[in-house]
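Asks: Sequence:
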Amino acid sequence: MTTNYDPIAELYRRAKQQPWRAYIEDFTLVALIGDPAGRAVIDIACGEGFYSRMIRERGASKVTGIDLSEKMIELARASEAKQRLGIDYIIGDARNLGLGANFDLAIAAYLLNYAHDRAELDAMCNGVVRCLRPGGRFVTVNCNPACNFASAPSYRKYGFETSVIGEFREGAPITWTFYLDDGAFDIENYFLSIQTHEEALHAAGFREVRWQRPLLSLEGETAYGRDYWSVLLDYPPVIFIECLL
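Just so we're aligned, residue 229 is where the sequence shown starts under the numbering used here, counting upward by one.
It cannot be assumed that every hint is accurate.
[As the list claims (entries may be wrong)] Each computed DSS-like pair below joins lysine-lysine, with the alpha-carbon atoms no more than 30 Å apart:
(1) K244 to K385
(2) K310 to K299
(3) K290 to K310
(4) K299 to K385
(5) K244 to K290
(6) K310 to K385
(7) K244 to K310
No wet-lab data here; the hints were simulated from the structure.
The whole structure should be built from the sequences, with the hints applied where relevant.
Replies: What follows is the structure in structure tokens.
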């Protein structure tokens, strides 16, 4: 996983405030997660704890956030100190969680797209499965493997752009550039096909893999109009996946 989030942790936290994140990303992910009341939840690649807090506030009985970036976990723990929700934040690697099968639900915002190849994707998927109880679920938002990023339209009006240098093939790097009022920063993902994702998820033990295109909330449509979101919805750079054990 090449992107080092430590230097950009605060910038990434601020990028979460872009309208598309609330009106499309958050809305779709929360809809897929459903009611977490009474569930033990692990938020893998939790970043600054954005979704960890959201899930806990919606009634999850236990929430644990884990991230590779020390700075991201620092931000998450600072938020916990300000508003105590009883969330545990741990520095750790999704490929080797070592937490045991103690969770009913695993969520992840942008985890699998950091796998360079099938072997690394296998390690991530196996890591997720090992922390889930029988019958558990995994819900994630991911860089969309059905999107041809080499010919994708501009997403600049939403606050970001995607680009590919060189041949667009399995394992190709995809650069996401996020624009803030005071500058921009880059994150690098890697392209792996739908087939590669499904094979890795099934091999890890998931019996069912469901794909969900982005949905637009009524609030987002009211605030900007449906046409404003057409590029993001018609050529979605992100996709949502629900996996069942």
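Asks: Now tell me if each hint is right for this structure.
Replies: Hints, one by one, checked against the model:
1. Note on K244 and K385: the hinted pairing holds, with a Cα-Cα distance of about 15 Å set against a maximum of 30 Å.
2. A C-alpha spacing of about 17 Å is found between K310 and K299, which places the hinted pair at or below 30 Å, so the restraint holds.
3. Distance restraint check for K290 and K310: the Cα-Cα separation of roughly 18 Å lies within the 30 Å cut-off, and the hinted pair is therefore satisfied.
4. Pair hint K299 plus K385 holds up; C-alpha atoms about 29 Å apart against a cutoff of 30 Å.
5. Restraint check: the Cα-Cα separation between K244 and K290 comes to about 23 Å, which is no more than 30 Å; the hinted pair holds.
6. A threshold of 30 Å between alpha carbons decides the hint, and for K310 with K385 the separation of about 33 Å lies outside it, so the pair is violated.
7. Straight-line distance between C-alpha atoms of K244 and K310 comes to about 19 Å, which keeps the hinted pair within the 30 Å bound.
The structure does not agree with numbered hint 6 stated previously, though it agrees with all others.
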